[in-house]
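For the record, the sequence lines run as chains Z and Y.
Just so you know, we're using the numbering used here here: the first sequence kicks off at 1 and counts up by one.
Just so you know, we're using the numbering used here here: the second sequence kicks off at 193 and counts up by one.
It is worth saying that the hints were derived from the structure and are not from the lab.
Hints are not guaranteed to be accurate.
[Stated by the list, open to error] Within a straight-line C-alpha distance of at most 27 Å, the following computed DSSO-like cross-link-like pairs (lysine-lysine) qualify:
(1) Lys588(Y) x Lys103(Z)
(2) Lys92(Z) x Lys595(Y)
(3) Lys83(Z) x Lys595(Y)
(4) Lys92(Z) x Lys7(Z)
(5) Lys539(Y) x Lys584(Y)
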Amino acid sequence: MKNYLVKELMVPISEYATVPEGATLFEAVLALENAQEQFQQNRYSHRAVLIMDKNKRVIGKLSQMDFLTALEPKDENLIQIRKFTQLGFSRKAIALQQEEYLKSSPPILDVYSKAASMNVTQFMQRPTEGEYVDENASLDVALHQITAGANLSLLVTRGTEIVGILRLADVFAAVYHSMKESESQKANGEAG
Amino acid sequence: MKELNKLFDRIIQRVNINLRELEFDVNPLVSNLIPTQQMTKFYAFYGLTPHHPLNFVFRHSNLSGSYFLGKVRVTNSLLYKSDIRGDELKQKGDLFQYQDFNIPVDQDEEITIDDSFLIKTLVHNFSHDPETLETFFVRDTVSTHYANIHGSPSDGCFMGPFSTVDLTTMRDCVVGAYSYVQAGEISHLNIEPGTVWVRLPDEFNFMYRFPSDLLTSYIYFKPGNIPQGIFMDFVEDRKAAFEQVFNIVNFKAPVTVPDSASVDRFAVIKPKTTIGDNVLVAQRAFLQNSTLGKGANAQENCYIINSVLEGNDVTAHGAKIIEADLGKTVFVGFNSFLRGRPNARLKIGPECIIMPHTIIDISKPLVVPPGHLVWGLIENANDLQANSISLKDLSKIETRMCKGRMLFEGSGKTFVTGFQERIHHILEANGAFFANVTNNRGHAQRNQNISFNTIQPYPKGDDKTGLYPTIIIQP
Numbered sequence: 001m002k003n004y005l006v007k008e009l010m011v012p013i014s015e016y017a018t019v020p021e022g023a024t025l026f027e028a029v030l031a032l033e034n035a036q037e038q039f040q041q042n043r044y045s046h047r048a049v050l051i052m053d054k055n056k057r058v059i060g061k062l063s064q065m066d067f068l069t070a071l072e073p074k075d076e077n078l079i080q081i082r083k084f085t086q087l088g089f090s091r092k093a094i095a096l097q098q099e100e101y102l103k104s105s106p107p108i109l110d111v112y113s114k115a116a117s118m119n120v121t122q123f124m125q126r127p128t129e130g131e132y133v134d135e136n137a138s139l140d141v142a143l144h145q146i147t148a149g150a151n152l153s154l155l156v157t158r159g160t161e162i163v164g165i166l167r168l169a170d171v172f173a174a175v176y177h178s179m180k181e182s183e184s185q186k187a188n189g190e191a192g
Numbered sequence: 193m194k195e196l197n198k199l200f201d202r203i204i205q206r207v208n209i210n211l212r213e214l215e216f217d218v219n220p221l222v223s224n225l226i227p228t229q230q231m232t233k234f235y236a237f238y239g240l241t242p243h244h245p246l247n248f249v250f251r252h253s254n255l256s257g258s259y260f261l262g263k264v265r266v267t268n269s270l271l272y273k274s275d276i277r278g279d280e281l282k283q284k285g286d287l288f289q290y291q292d293f294n295i296p297v298d299q300d301e302e303i304t305i306d307d308s309f310l311i312k313t314l315v316h317n318f319s320h321d322p323e324t325l326e327t328f329f330v331r332d333t334v335s336t337h338y339a340n341i342h343g344s345p346s347d348g349c350f351m352g353p354f355s356t357v358d359l360t361t362m363r364d365c366v367v368g369a370y371s372y373v374q375a376g377e378i379s380h381l382n383i384e385p386g387t388v389w390v391r392l393p394d395e396f397n398f399m400y401r402f403p404s405d406l407l408t409s410y411i412y413f414k415p416g417n418i419p420q421g422i423f424m425d426f427v428e429d430r431k432a433a434f435e436q437v438f439n440i441v442n443f444k445a446p447v448t449v450p451d452s453a454s455v456d457r458f459a460v461i462k463p464k465t466t467i468g469d470n471v472l473v474a475q476r477a478f479l480q481n482s483t484l485g486k487g488a489n490a491q492e493n494c495y496i497i498n499s500v501l502e503g504n505d506v507t508a509h510g511a512k513i514i515e516a517d518l519g520k521t522v523f524v525g526f527n528s529f530l531r532g533r534p535n536a537r538l539k540i541g542p543e544c545i546i547m548p549h550t551i552i553d554i555s556k557p558l559v560v561p562p563g564h565l566v567w568g569l570i571e572n573a574n575d576l577q578a579n580s581i582s583l584k585d586l587s588k589i590e591t592r593m594c595k596g597r598m599l600f601e602g603s604g605k606t607f608v609t610g611f612q613e614r615i616h617h618i619l620e621a622n623g624a625f626f627a628n629v630t631n632n633r634g635h636a637q638r639n640q641n642i643s644f645n646t647i648q649p650y651p652k653g654d655d656k657t658g659l660y661p662t663i664i665i666q667p
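Pulled out of the complex, with its shape left as it was, chain Z reads as follows (with noise of 0.2 Å):
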């Protein structure tokens, strides 16, 4: 199985979606989309948005994920009804209670509109220590660094600068094909 670097896999930063700090959610969807349409030639597309600081460093990652979890209506109220686990509910019941709940709540397009006006550091997630791979590092340490954390994907570095977004869609394809051509190959040495 070819052992692929994951610098020859990652998504240079340059080709990436990215929102200053001071943006709002909405922009940052729409740099999202953006992106997406310029890089239709690939068939996974981009499902994050980087947040640089003033001096464009990366300081977060917006995913679809932290996108809608901001447009879920939120108060004292709804955070205490999703702690019914704690006391023996099941999802469906949470669930429940939830829509009761919202039906007294104020529209979801008012929810939408006063969301999208945040700004995005509110519900971006800061990296974490494990989000982190150097660029010459092989397909087999990313992959057990991307299970380990269930990472959706991997800031890529180069010394202290990042360089690329090494995302889960890329390492599964790259162990697909590795795969598929082990596999191939042991099929036509055993027919040889």
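Take the given structure of chain Z and dock chain Y to it, following the hints.
Leaving out everything else, chain Y in the frame of chain Z:
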């Protein structure tokens, strides 16, 4: 007083260690609740009856204004105006049924209170924990005004004012003000104020949460202050009547009490009250211009004012019934607050179950139809519609149901049957079904022959002021 202060610090530290995972600090909540000078003012007292085992051991504790019955051991604790009522403890030879097990009880059960600070708290019933059948323990626990520890061994917990933990073993938990928990076993949980939670795992799960902004009118408890709100005002307004009762040595009930009924000498009975057969009125209950029909009862810290209870009605610990008419066999749960007005009476149909910690506070007449379950906060007919269901309809629920702020999951039938069986058991234990000298005797009959002795702390003058000497009282 020095010893008393040291004891307080020791208890707070032990509770905080238990609650460190929840990042809960008990100290600011309770440090000024009961000044230590106040703890030296009142005598403690215990009951003597031919029907309950007698065994009291008090060591290195303050017991100010507290009452003891049965088999109780108190060590390194502060008990302020609390009731430790051991008249339902298991006895040697009893069989305790738990799931498919019948577990024999090896010795008389004992309530043991260690390193705890209980303020105006009721400890009653017996341990329902199969792992600790003979010891109903309360340790490293702080409980505040009018909390109920009912059949619930407790280790490392804090209980807010007017909270109740019922038939539940709890470890390292915080139970917020006016929360009710009946869940078998809980640990490391912080129960928000105003949560009413009844769970039998794999069978049913009921929960209601009071809107916090409305609940604060009734009970408000923040660091640096004693509990405030309508509940506290209500009991404080009637405090003087209790002081009179506690100051009188020879008590005579001011009303006619049938031979089959029992009115505790530490209950307040105001004029125009009628007591029926098989009625039980516990200590610290308050009755005024009310009728208690055959088999009705008023437990500790209950207030029944300008009301009629037709018969076999259960008024559980701490419940308050004002300007109301209750049909037969109505259950009013712990610490419920049912307040009609002179021109807006509350009428509750027979066989209703008012869930523990329910508030009905109305300004227009309101009728609860027979056979309904009622919960939550009700101020008018719309609220009643939103916060009640007929027991028949509830019994049909097999999956889950949400009604306003109430969430139910599991078997409605099991929930209703369980409640009805428990109500029957309470009535039986209280002697409501007593028919003749030998049949169905309960607390109402057994508590008639009771005498009280008082015990006092060290007087003012040295470090031990306020502490009680080691006292062992045995047959």
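Outcome of the hint check:
Between Lys588(Y) and Lys103(Z), the direct Cα distance comes to roughly 25 Å. Compliance with the 27 Å bound is thereby established for this hinted pair. The suggested pairing of Lys92(Z) with Lys595(Y) holds, with an alpha-carbon distance near 15 Å, which does not exceed 27 Å. Taking the CA atoms of Lys83(Z) and Lys595(Y), the gap is about 18 Å. The hint holds against a cut of 27 Å. Distance check on the hinted pair: Lys92(Z) and Lys7(Z) sit about 44 Å apart at the alpha-carbon level, beyond 27 Å; violated.
With a C-alpha separation of about 20 Å, the suggested pair Lys539(Y) and Lys584(Y) falls inside the 27 Å cut-off, and the hint holds.
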